[in-house]
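Chemist: Using mature numbering (1 follows the signal peptide of the UniProt record, and there is no 0), the letters of the sequence shown map in sequence onto residues -23 to -1, 1 to 337.
Be aware that one or more of the hints could be misleading.
[Unchecked claim] Each computed PhoX-like pair below joins lysine-lysine, with the alpha-carbon atoms no more than 20 Å apart: (1) K175 <-> K266; (2) K37 <-> K27; (3) K41 <-> K20; (4) K43 <-> K88; (5) K218 <-> K43; (6) K36 <-> K85; (7) K142 <-> K41; (8) K85 <-> K175; (9) K67 <-> K337; (10) K238 <-> K209.
These are computed hints drawn from the structure, not numbers from a lab.
Everything numeric in this text was worked out from a predicted model, so none of it was measured.
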Amino acid sequence: MKKASIKLLLASSALLFANSVSADTTICYKKDWTSPSTIEKTKLDGGVCKGELSLLDMKKNGWKLKDIKITSSDEGLNYQYVLTTDDIIKVDNNAALKIQNQKPLSFKEIKTSIKNVNNKTATVDIGNLRVGQSGIVLKKYEDGQKLIVSNAYVTKTSENSSEIKFIPFMDLKQNAIPTSNANPKNGDTLILNYMYDKSLLIAPSQDAFQVARGKFRLNTFLHSDIFAANLKSQREPLPSKSTIQDFAIEQNLGTIFVVIKNKAYVVDSKTFAILDFYTLAYNYLDTEKMPFYTRISGIEEAPFEGIIKSITELSFLKDIFGDDERSEEEILLEGEMKKDEIVNKNDMYNDYYKSILGLK
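Taking the hints into account, I'd like the entire structure generated from these sequences.
Modeler: Laid out in structure tokens, this is it:
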């Protein structure tokens, strides 16, 4: 590629990045951290945090965690948080685990009518659901035709009823096809647990992978090799929360199973809420594989060699990151994992996915 073309490409990419980091979005980070259990209370660098605020402080100030990226370093893990003040799906997985329903999660679809519909919410006459449990809203016309008009997820639940919130249906997004402007109305049908029996399985070892698939025989699992191949094509050695979520939605998978130590956590692909967890009988002390068990090897990061000089000429990046004393290339390349760093490390796998799920 010619030098001028490289500069144009980098300028375009950087401008897109600049536009995405608005006044309501910031990026905070912590490098070489060796105590994952304390990361949320630790003062973060960069962005609005500026070495003075922790993730918990940011949440108290109204910021919401949009995404998290974690990479390995020689001394520990590098954490990068994307925080926003915009309205996003927010579920406390730690609180959810403490109030788990005694009745196991059902992966079967549940159909019910919605009522008390306003602009963003409605209620259903079903109680004892999981906060974060999602589904689709289906409108039926007089001629018998049906149309999906929205996604929805549970925000509150009691013994006899639950409140749901509407979010856009993006599963079959296609820019070349016109979309409907129909909105949910009283009497429309909510189908909870939509595609819950179609799942992605992230496990630390072949043993854990096989045990999990055997325990949930009624679920159809997309093999992790396909997800690993996607990461390889995207040159992303470690999947972020949004990468996992986007892949599951693109593949029309309703749930994501994440095995951490001897537990399998069932996660809703739309809300990233933990719906339930199950104990697995396997030797979890065996060597675990990063980023997860797969037969795909050599997931390498995107190459930047030869274009660093062009990056350094984009001086406006300092306006985005404030008084950060690092060079632009250090900012943009921070935390990328080298291919020889993707090794079997038991603690790294567990710490990584606990952080991705927001578990302490």
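Chemist: A separate judgement is required for each hint: does it hold in the structure or not?
Modeler: Okay, the hints, checked on the actual structure:
Straight-line distance between C-alpha atoms of K175 and K266 comes to about 24 Å, which puts the hinted pair past the 20 Å bound. Restraint check for K37 and K27: satisfied, since their Cα atoms lie roughly 16 Å apart, inside the 20 Å limit. Annotation: proposed proximity of K41 to K20 holds, straight-line Cα distance about 16 Å (limit 20 Å). This hinted pair does not check out: K43 and K88 have alpha carbons roughly 30 Å apart, beyond 20 Å.
A distance of roughly 9 Å separates the Cα atoms of K218 and K43; the hinted pair therefore holds under the 20 Å criterion. Pair hint K36 plus K85 does not hold up; C-alpha atoms about 35 Å apart against a cutoff of 20 Å. A C-alpha spacing of about 18 Å is found between K142 and K41, which places the hinted pair at or below 20 Å, so the restraint holds. Our distance criterion of 20 Å between C-alpha atoms is met by K85 and K175, whose separation comes to about 11 Å.
Taking the CA atoms of K67 and K337, the gap is about 16 Å. The hint holds against a cut of 20 Å. For the proposed pair K238 and K209, the alpha carbon gap of about 25 Å is over 20 Å, so the pair is violated.
The structure is inconsistent with the numbered hints 1, 4, 6 and 10, although it conforms to all the rest.
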